[in-house]
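Below, each chain spelled out in residue letters.
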Amino acid sequence: MTEQTISTPNKDLSKELSKEHARDVFRAMLRARVLEIKLSNLYKAGKIVGGVYIGKGQEAVSASLGACLTWNKDVFAPLIRDQAGRTAFGEDPLDATRTYLGSAKGPMRGRDGNLHRGRPAEGLLAMISHLGAAVAQVGGVLLAKRIKGELDGCVGATCVGDGATSTGAFHEGLNFIAVERLPMVVIIADNQFAYSTPNDRQYACDDLIDRAKGYGLEGHSVDGTDMLECATVIGNAVAKARSGGGPQLIVAKLLRLSGHGEHDDGSYVATELQEGRYGRDCNDVGKQQLIEKGWLTELEYSKWMLEFNAEAQEAVAVAQREDGPNPYKEEWSAIASPSLKGLQ
Amino acid sequence: MAVTYIDAIRDAQERALAENPKVFLYGQDIGKFGGAFKATKGLQEQWPDRVIDAPISEDAMIGMAVGAAIEGMRPIIEMQFADFSSVAFNQIVNQAATHYYRTGIPVPIVVRLPSGGTPGSGPFHSQSMESIYAHYPGTVVVTPATVADAHSMLLQAVDLDDPVIYCEHKFLYRWLKSDNFEGDNLPIGKARITRSGKHATVVTYSAMVHEAVRAAEILYKEGGWEIEVVDLRSVKPLDIDTVVASVARTGRILALGEAFPWGGVTSEVVSRVCAEGFHLLDAPPMRLNAKDTPVPYHPKLWAMHRPTPESICEALRNLLAY
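Line order of the protein sequences matches chains A and B. According to the working numbering, the residues represented by the first sequence are 1 to 344, in order. According to the working numbering, the residues represented by the second sequence are 345 to 666, in order.
The set of hints was computed from the structure by calculation and includes no laboratory data. Glycine included, C-beta positions come from ideal geometry on N, C-alpha and C. There may be inaccurate statements among the hints.
[Stated by the list, open to error] Computed footprint of chain A on chain B; a stretch qualifies when at least three of its residues, placed anywhere within it, have a C-beta under 8 Å from a C-beta of chain A:
(1) 389-401
(2) 410-416
(3) 426-438
(4) 572-584
Looking at chain A on its own, in the form it has when it is part of the complex (with noise of 0.2 Å):
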C-alpha cells in the first residue's frame, strides 16, 4: 500500500544533510547559472538559432534533484529550466553550447537543438516539447529495469512546471507509476507562470500537492528558493524512492526570474511578486546559508565564480569553432532498421 502522506517541508528533515552534498548542489546551481548568462547574451548577440530558455531562480530545486542521480544507472528526464539538474547529474556543459550553437559533434549533430538533448543510452533523456511526456517515459525505463531484474537501487527522476500538470500526458504518467509503485520522483516546480498564464488560470485546487493523495504518491512540499530546504527534501524522497518508498511528487514553489524564454521579457509578472517571498533569488539564500554554517567561504565563492566562467567561456569557444552538420552529406533517414534504410 502506497504510503499517503502529504508532509510539510520541515517534517521531513529526517536525515542531516551533508557539507559535501550541500556544497555539491550549490557549486551546480552557480555552474548553471553562469553557463546559461553566457547563453543568454549569445542569444542577445544573435550568435545563437532559435530560443534560450534558462531556469534562473529554478536551480536550488533542480540541481538538488540532479545531485541524488547517478550517471549511468539512474534516469533523469529534465525539462527547460533545468540546467542545473543537467549539470548536477553530470552533463558536460560541451554538450550544452554544442547543441545550442549547432556544432555536429553535439549529441543531437544539429537535428534537434538547446533543451532537447540528451544522452538516454547514460540515462539522461532528450526531451521532446509536449509536456508531461517524459513522466510515463522515465517510467518505462524503470518498468524495463524491473522486468531485467537490474532495479534494485535505482531512481527516476522528471521535473515539470505548474503548465504540464493541466495536460493529460501528465496525469496518466502518474497514475501509471503510482501503479506499478516505481522508484520514481516527479517534481513540480510551480513558478506561477506557464508562459504567460497565471495559476490562477491553470488550476483551480488550493496547492497542487494536494493532488499527491489523489494519485496515491507520497507529496512534499518545499520552497524552492531555499537551498538548504530543497536539497534536504528532495535528496530525502529521491532517497525514499530508491529504497522501496514507492513514487515521490514534490511541489516546489518559486518565482521564474525570467521570461518564458530569451525572447520574452516577462513584464506580465507583477511587481508585488518579484519583491514577495518566492521572487528572491535562490542562488543568493544558498550562497548565505552555506556561508552563514560555514561551509563556504567568500574567496572560495570567488574562485568558483572564475573556475565556471573559465569553463563555460571554454564550452562556448569549443562549440563556436567546431563545424554545424553539412546538409549534403546528411543521411536523411528517421530509420534505425539497416533492412530499411532509404525507403520509404
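Dock chain B against chain A, hints included.
Frame of chain A; chain B shown alone:
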C-alpha cells in the same frame, strides 16, 4: 486443424516471448483476461512478469514503451482498438518516431492496432489508422492480410529497430483460416502478387485484399478479365517497384483501401505510380476508398460504407472500359 488470423497473432507473441527475453507485452486487459480479442490468452500464466496489464492510459502506454525500448527492451503494446491510439498519437509520432533521428538511440516498439470495420462496431471501434502513422518519418506501418503474414510480420516487426505500427484487421480475426502459420516469410517492405493478371492491377492491403480477390473472380467469370491483385503488406515502406512492375504488365491501376478517402495510402500509391510510371498507364489511375463519413454503426450502412466486391467490380469495369 485450421488456425485463424488471431491465432497467428497470439502464437507469434508467444514465440517472441519464448525466444527473446527482451520482449514484453503491455496493454489493457491482456493479462488474466487474455485481451479483448484473446490475442494474449494464457500468456500471462507463462510469463507473469512480461505480460502486464495497463491502466486505460494510451498516452502513458506508449510513453512507457519508449522508455523501456531505450532501456533495451522490445515491448509489444496492444491498443484495445486502433481508434484509441489517437490518445497516444503524441507519444507515437513525437516521442517514438523522432527518437532515433534525434538521438541515435533506436526505439524498437511494436504497437498492435486492432483495425478496420466489423458490422455493428460503429464510429469508434472501426477505424483504419495506417495512413496517419505512415505520414510521420521514423515509423514502419504494416498491414498483414493473411494468416501467415500476420504471424511472420509480427515476429519480423519485433526484430526491427524502429517503432512498428502493426495494423491487424479485426474482420479477419476469426474468419480467415489456414492450415498452419507457415508462409513465404517475405520481409517487411515487400509487396506480394496475390493473384496474377494482365488486364488491370488492384493495389490494396489488409482485409481489402480478400475483397479484391472476390471482385477479380467475379470479373473473370463475367468476361474473362484477368485482374492482378497486389497486396502491399506494408504500407510504409511502400514497395512501389512491385506496383509499377504490375502496372507495366496491365496498364491500368485501381488503388483500393478501407480507410477514409482524403489522402492516405491509395493517394500515395496513385501519386507514386503517376510520378514513376505515367508512361505505363493506358487509363487514368483510379482510387476506391471508404466513404467520407465516420464508420456507421448499422450493418446495412457499414456494408455500403466500405468498398465491397460489387463496388470494386464497378470501379474496375469503368477502368477497363476507358
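Checked hints:
With 6 residues having a beta carbon nearer than 8 Å to a beta carbon of chain A, the segment 389-401 of chain B meets the requirement of three or more and the stated coverage holds. Proximity of the segment 410-416 of chain B to chain A, defined as three or more residues with a beta carbon under 8 Å from a beta carbon of that chain, is established by the 7 residues found. Judged by the Cβ-Cβ criterion of 8 Å, the segment 426-438 of chain B is covered by chain A as claimed, because 4 of its residues qualify and three suffice. With a threshold of 8 Å between beta carbons, the proposed coverage of the segment 572-584 of chain B by chain A holds, since 3 of its residues qualify and at least three are required.
The structure is consistent with each of the numbered hints, conforming to all of them.
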